[in-house]
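If you read the protein sequences in the order shown, they are chains A and B. At position 254 of the first sequence (counting the first as 1) the number is 254 in UniProt numbering, and the numbers step up by one without a gap. At position 194 of the second sequence (counting the first as 1) the number is 194 in UniProt numbering, and the numbers step up by one without a gap.
Rather than coming from a laboratory, the hints here were simulated on the basis of the structure. Please note that the accuracy of each hint is not assured.
Which copy? The list can't say, so a pair holds if one copy fits it or any two copies do.
BS3-like cross-link-like pairs, simulated, lysine-lysine; straight-line CA separation at most 27 Å [to be verified]:
#	residue 1	residue 2
1	K185	K27
2	K317	K331
3	K304	K16
4	K222	K82
5	K56	K157
6	K167	K27
7	K372	K171
8	K229	K208
9	K157	K44
One-letter residues, chain by chain:
There are 2 protein chains.
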Amino acid sequence: MENFNYSIPTEVYFGKGQIKNLGNVIKRYGNKVLVVYGGGSIKKIGLYDEMIKILKENNISFVELSNIAPNPRIESVREGIKLCRENNIEVVLPVGGGSTIDCAKIIAAGVNYDNDPWDIVLDSSKITTVLPIITILTLSATGSEMDPFAVISDMSKNEKLGIGNDKMKPKVSILDPEYTYSVPKNQTAAGTADIMSHIFENYFNNTKEAFIQARTAEGLLKTCIKYGKIAIEEPNNYEARANLMWASSLAINGLISYGTKGTWSVHPMEHELSAFYDITHGVGLAILTPHWMRYVLNDDTLYKFVEYGINVWDLDKTLDKYTIANTAIDKTAEFFKEIGIPSTLREVGIGEENFEIMAQKAVKSGLKYGFKPLTSQDVVNIYKASL
Amino acid sequence: MENFNYSIPTEVYFGKGQIKNLGNVIKRYGNKVLVVYGGGSIKKIGLYDEMIKILKENNISFVELSNIAPNPRIESVREGIKLCRENNIEVVLPVGGGSTIDCAKIIAAGVNYDNDPWDIVLDSSKITTVLPIITILTLSATGSEMDPFAVISDMSKNEKLGIGNDKMKPKVSILDPEYTYSVPKNQTAAGTADIMSHIFENYFNNTKEAFIQARTAEGLLKTCIKYGKIAIEEPNNYEARANLMWASSLAINGLISYGTKGTWSVHPMEHELSAFYDITHGVGLAILTPHWMRYVLNDDTLYKFVEYGINVWDLDKTLDKYTIANTAIDKTAEFFKEIGIPSTLREVGIGEENFEIMAQKAVKSGLKYGFKPLTSQDVVNIYKASL
Numbered sequence: 001m002e003n004f005n006y007s008i009p010t011e012v013y014f015g016k017g018q019i020k021n022l023g024n025v026i027k028r029y030g031n032k033v034l035v036v037y038g039g040g041s042i043k044k045i046g047l048y049d050e051m052i053k054i055l056k057e058n059n060i061s062f063v064e065l066s067n068i069a070p071n072p073r074i075e076s077v078r079e080g081i082k083l084c085r086e087n088n089i090e091v092v093l094p095v096g097g098g099s100t101i102d103c104a105k106i107i108a109a110g111v112n113y114d115n116d117p118w119d120i121v122l123d124s125s126k127i128t129t130v131l132p133i134i135t136i137l138t139l140s141a142t143g144s145e146m147d148p149f150a151v152i153s154d155m156s157k158n159e160k161l162g163i164g165n166d167k168m169k170p171k172v173s174i175l176d177p178e179y180t181y182s183v184p185k186n187q188t189a190a191g192t193a194d195i196m197s198h199i200f201e202n203y204f205n206n207t208k209e210a211f212i213q214a215r216t217a218e219g220l221l222k223t224c225i226k227y228g229k230i231a232i233e234e235p236n237n238y239e240a241r242a243n244l245m246w247a248s249s250l251a252i253n254g255l256i257s258y259g260t261k262g263t264w265s266v267h268p269m270e271h272e273l274s275a276f277y278d279i280t281h282g283v284g285l286a287i288l289t290p291h292w293m294r295y296v297l298n299d300d301t302l303y304k305f306v307e308y309g310i311n312v313w314d315l316d317k318t319l320d321k322y323t324i325a326n327t328a329i330d331k332t333a334e335f336f337k338e339i340g341i342p343s344t345l346r347e348v349g350i351g352e353e354n355f356e357i358m359a360q361k362a363v364k365s366g367l368k369y370g371f372k373p374l375t376s377q378d379v380v381n382i383y384k385a386s387l
Numbered sequence: 001m002e003n004f005n006y007s008i009p010t011e012v013y014f015g016k017g018q019i020k021n022l023g024n025v026i027k028r029y030g031n032k033v034l035v036v037y038g039g040g041s042i043k044k045i046g047l048y049d050e051m052i053k054i055l056k057e058n059n060i061s062f063v064e065l066s067n068i069a070p071n072p073r074i075e076s077v078r079e080g081i082k083l084c085r086e087n088n089i090e091v092v093l094p095v096g097g098g099s100t101i102d103c104a105k106i107i108a109a110g111v112n113y114d115n116d117p118w119d120i121v122l123d124s125s126k127i128t129t130v131l132p133i134i135t136i137l138t139l140s141a142t143g144s145e146m147d148p149f150a151v152i153s154d155m156s157k158n159e160k161l162g163i164g165n166d167k168m169k170p171k172v173s174i175l176d177p178e179y180t181y182s183v184p185k186n187q188t189a190a191g192t193a194d195i196m197s198h199i200f201e202n203y204f205n206n207t208k209e210a211f212i213q214a215r216t217a218e219g220l221l222k223t224c225i226k227y228g229k230i231a232i233e234e235p236n237n238y239e240a241r242a243n244l245m246w247a248s249s250l251a252i253n254g255l256i257s258y259g260t261k262g263t264w265s266v267h268p269m270e271h272e273l274s275a276f277y278d279i280t281h282g283v284g285l286a287i288l289t290p291h292w293m294r295y296v297l298n299d300d301t302l303y304k305f306v307e308y309g310i311n312v313w314d315l316d317k318t319l320d321k322y323t324i325a326n327t328a329i330d331k332t333a334e335f336f337k338e339i340g341i342p343s344t345l346r347e348v349g350i351g352e353e354n355f356e357i358m359a360q361k362a363v364k365s366g367l368k369y370g371f372k373p374l375t376s377q378d379v380v381n382i383y384k385a386s387l
């Protein structure tokens, strides 16, 4: 196990009706709120009205920033910062999925930064102070509700960049699984794939004997496999939505990565797909993951895939090791297919036209320090295998 | 899954040499420290000297309270409170195992309470403010380094009581597994049993579909079973000590209990053994646990023991369910024996002379709300089976 400095300060109000705490929670930090949200889904499910009612009852003033895009844009961040400054905002309140929360994080971090916020996306050490962030989650996927990360795009440059800074961890997150009942099947599937990818990125590391972390990660993967399917078949199944929602937070809040070392592999490759083609992040991850697994499987990495096969997919431990590993990878691909995610890049409109440039960009995020070090040629090979 | 309000604010500096952060960490909270410790073990391993050197280098003034007993006494708490008041102490720094940390917690909570601190042991709602607590852990067992609980004894009354208050959660804990290299085999075993008991108390609950929590608990149990044995055979095995230490914190910091409902069963029964006979807590837990398991196994609870057998002990899932359950219980008892813990109450000098009175005291902690509700007669039966 590696040394680590553990800090997961986000408070979580989890479960049915937890929004009742919103007023008191906000007032710990201020009385002027920027409400950030995406399209109209929070209005459809009645959450918008409920929230506004609570804000008014508690004499909390607010301004709104809506229409945050699924891969949130730097333009929205700029607009949010302007609103915060004009209105002396004290608390940023994203209501939505990861994109909305990510956008809110950079707004909160950008308010006290004098130059353009894209600077802090490029270099998070420029962040000084961050306005308190309180989130209300409506999609189980990115884990942004409990982590320090944000991913922001500048489509004019085909750039989609992830940054992290501990100061951007939300103070409080309200996680009511019922808010995800109306999430459509395809988004539930993509969200499940996103959660699983976060777990994979942490699980496939080279740290020996981070035993607790590995077993916890396997438990989270089993959770996604079991409840991802149920949530798609029965959208209003509370237990399925609850387990998925909590898995989304624990997958990436540090619990399974503290004590391990390594950089992520599939996310940087996928970010280029989204940056160039604006596809759904979770779909890109699900397409690439099995091909990445096959590509990095070798005599050195075999032990980890065997653990994965036995502990997550309940494969017979007496089988040949490569059989276990390959079966586990097949099952991963089958699972994504079964929950309705496309299996190939062509299905989502991606050809090989940009593979070279995307690969060159992807390796800049440190793929050479991943579970198996990857060069840009390796990335091209994985993209090609995913066609 | 039940609703829950998650808050685990303790920061952890985990790993080799993390004491280097001590000076900076203390100075966030103050410059006047009460150092609390037990016997001489922290001096033998050089930790005392290292800590004092850091305090002096950082111009942090300190007073000392030593000789904290393994089942810490209210008398030590009173003495600590007096020292805090006389010296305007700003930070309480326990250096040791759970007893030392527990004692420090009630000291920190008692400084601003005007009457005798036994009052707040009886009623934790009387706690108003708590001095910041920073711990340096030297024994993997109670999890006090990351939880809100303390157990304090008044031997004049044969009382050993546990209390919990979120304000008593340590601000920071320094967890260096190397400090546990010198822990003797019997204490390593008792500590492992204590950790496992915390996990069992949370795992055996009646909440359906707290799936994540159950799988995480199973991973922690596997960690104890694997590394408990290794740590006893090879006391200087870093990975074993590290995994046990981190398991001790995660077993009881809320991670596996948030989202579940129920009260603990074996701890209240054991507290009476320690209160009457001053035995090692972990030993009492290990003796009682398999008998408690056998006693509560029935058609209603069977499913949980089957999960336990398959997921923790890797038992063949095609076997008869009662065979799985009973084998899992047998394996639990064998494991405790294998790591050198006595198997019967008689071996630790306990006869049936106080069973009735101990049982009556034990049920007061809410045993009727446990995994299987228990009456005082049930408790007597379990004590008798453990003779």
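Here's how the hints hold up against the structure:
1. K185 <-> K27: neither (36 Å within a copy, 51 Å between copies)
2. K317 <-> K331: Answer is both; intra-copy 16 Å and inter-copy 21 Å each pass.
3. K304 <-> K16: This pair counts as between: shortest inter-copy Cα distance 26 Å, intra-copy 38 Å.
4. K222 <-> K82: neither (43 Å within a copy, 52 Å between copies)
5. K56 <-> K157: Neither way: K56 and K157 sit 41 Å apart in one copy and 54 Å across, limit 27 Å.
6. K167 <-> K27: Both, since 20 Å and 20 Å are each at most 27 Å.
7. K372 <-> K171: Answer is neither; intra-copy 35 Å and inter-copy 38 Å both fail.
8. K229 <-> K208: Answer is between; shortest inter-copy Cα gap is 18 Å, intra-copy 32 Å.
9. K157 <-> K44: neither (34 Å within a copy, 61 Å between copies)
Comparing the model with each numbered hint stated earlier shows that hints 1, 4, 5, 7 and 9 do not hold.
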